[in-house]
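Residue numbers (our numbering): 64 to 228.
Mixed in with the good hints, there may be bad ones.
Claimed, not checked - The calculated lysine to aspartate or glutamate pairs, modelled on EDC-like cross-linking and capped at a C-alpha distance of 16 Å, are: (1) LYS158 / GLU194; (2) LYS206 / GLU161; (3) LYS206 / GLU166; (4) LYS206 / ASP113; (5) LYS74 / GLU215; (6) LYS206 / ASP178.
Stated by the list, open to error - If you anchor each label on the Cβ, the simulated ranges turn out as follows: (7) GLY128 / ILE175: 19 to 27 Å; (8) ALA125 / ARG191: 18 to 26 Å; (9) GLU77 / ARG140: 37 to 45 Å; (10) LYS74 / LYS127: 40 to 48 Å; (11) THR179 / ALA88: 34 to 42 Å; (12) ASP70 / HIS169: 26 to 34 Å; (13) GLY173 / GLY207: 18 to 26 Å; (14) GLY193 / GLU215: 16 to 24 Å; (15) ALA125 / PRO69: 32 to 40 Å; (16) LYS74 / ILE144: 32 to 40 Å; (17) ALA125 / GLY160: 13 to 21 Å.
By construction, these hints were calculated from the structure, which means they are not laboratory data.
Ideal placement from N, C-alpha and C gives every residue a C-beta, glycine not left out.
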Amino acid sequence: MYDFQPDTALKPEELYRQLAEAADALTRDEPDPVANMANVAALIWEFVPDLNWAGFYRVGTALKGGQELILGPFVGRPACIRIPLGQGVCGAAAKTGESQRVEDVHTFPGHIACDTASQSELVVPVLRDGEVIAVIDLDSPRKGRFGPHDAEGIEQLALVLINRI
64 MYDFQPDTAL KPEELYRQLA EAADALTRDE PDPVANMANV AALIWEFVPD
114 LNWAGFYRVG TALKGGQELI LGPFVGRPAC IRIPLGQGVC GAAAKTGESQ
164 RVEDVHTFPG HIACDTASQS ELVVPVLRDG EVIAVIDLDS PRKGRFGPHD
214 AEGIEQLALV LINRI
């Protein structure tokens, strides 16, 4: 049993430090990547306020060959199952290997609306040996929800997960 009690009144830097520490403790001795992604998605949901979706997309084999993003563990409403690399916010992060912080998803070219309640989005790639293996996707029903501190915090979380997912 794990009992993490995030204090959402903390400064964002401290909140994300605690999130990374909780994720490290929870995934350190677990070899199964699906279990680790599931628990980390739940931690994000508990630690980060104003979310309507938090989870993972994994890089995998597309149905017609090549690679695409495939839905992984998440918390929130049902989501798009497959996303082509380069399409939408998640696909852009996977293709470029760079975090995508979008204040208003309706202005993002090619945005894929898996949940119409989403207004802003943060997607952070998880890289192993320079290759994107997954992305961490956070959606919020509030425009402008994600700032630089959120991106930095989730990027630090991604570093914890490199060899655990």
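Hints, verified against the model:
1. Restraint check for LYS158 and GLU194: satisfied, since their Cα atoms lie roughly 10 Å apart, inside the 16 Å limit.
2. For the hint pairing LYS206 with GLU161, the CA-to-CA distance comes to about 21 Å; that exceeds 16 Å, so the pair is violated.
3. Proposed proximity of LYS206 and GLU166 is supported: the alpha carbons are some 6 Å apart, at most 16 Å.
4. Restraint check for LYS206 and ASP113: the C-alpha separation of about 10 Å stays at or below 16 Å, so the hint holds.
5. Straight-line distance between C-alpha atoms of LYS74 and GLU215 comes to about 13 Å, which keeps the hinted pair within the 16 Å bound.
6. Between the alpha carbons of LYS206 and ASP178 the distance comes to roughly 14 Å, so the proposed pair stays at or under 16 Å and holds.
7. Under the hint 19 to 27 Å, the C-beta atoms of GLY128 and ILE175, about 21 Å apart, fit the expected range.
8. The hint said 18 to 26 Å for the Cβ distance between ALA125 and ARG191, and at roughly 20 Å that hint holds.
9. In this structure the supplied range 37 to 45 Å is violated for GLU77 paired with ARG140, their Cβ-Cβ distance being about 29 Å.
10. LYS74 and LYS127 have their C-beta atoms about 46 Å apart, which keeps the hinted 40 to 48 Å range intact.
11. For THR179 paired with ALA88, a C-beta distance near 36 Å keeps the hint of 34 to 42 Å intact.
12. Distance hint check: the CB atoms of ASP70 and HIS169 are about 33 Å apart, consistent with the given range 26 to 34 Å.
13. For GLY173 and GLY207, the Cβ-Cβ distance of about 20 Å falls inside the hinted range of 18 to 26 Å, so the restraint holds.
14. Checking the proposed 16 to 24 Å range against GLY193 and GLU215 shows it holds: the Cβ atoms sit about 20 Å from each other.
15. At roughly 37 Å, the beta carbons of ALA125 and PRO69 sit within the given window of 32 to 40 Å.
16. At about 37 Å, the CB distance of LYS74 to ILE144 agrees with the hint of 32 to 40 Å.
17. Checked against the given bound of 13 to 21 Å, the beta carbons of ALA125 and GLY160, roughly 18 Å apart, stay inside it.
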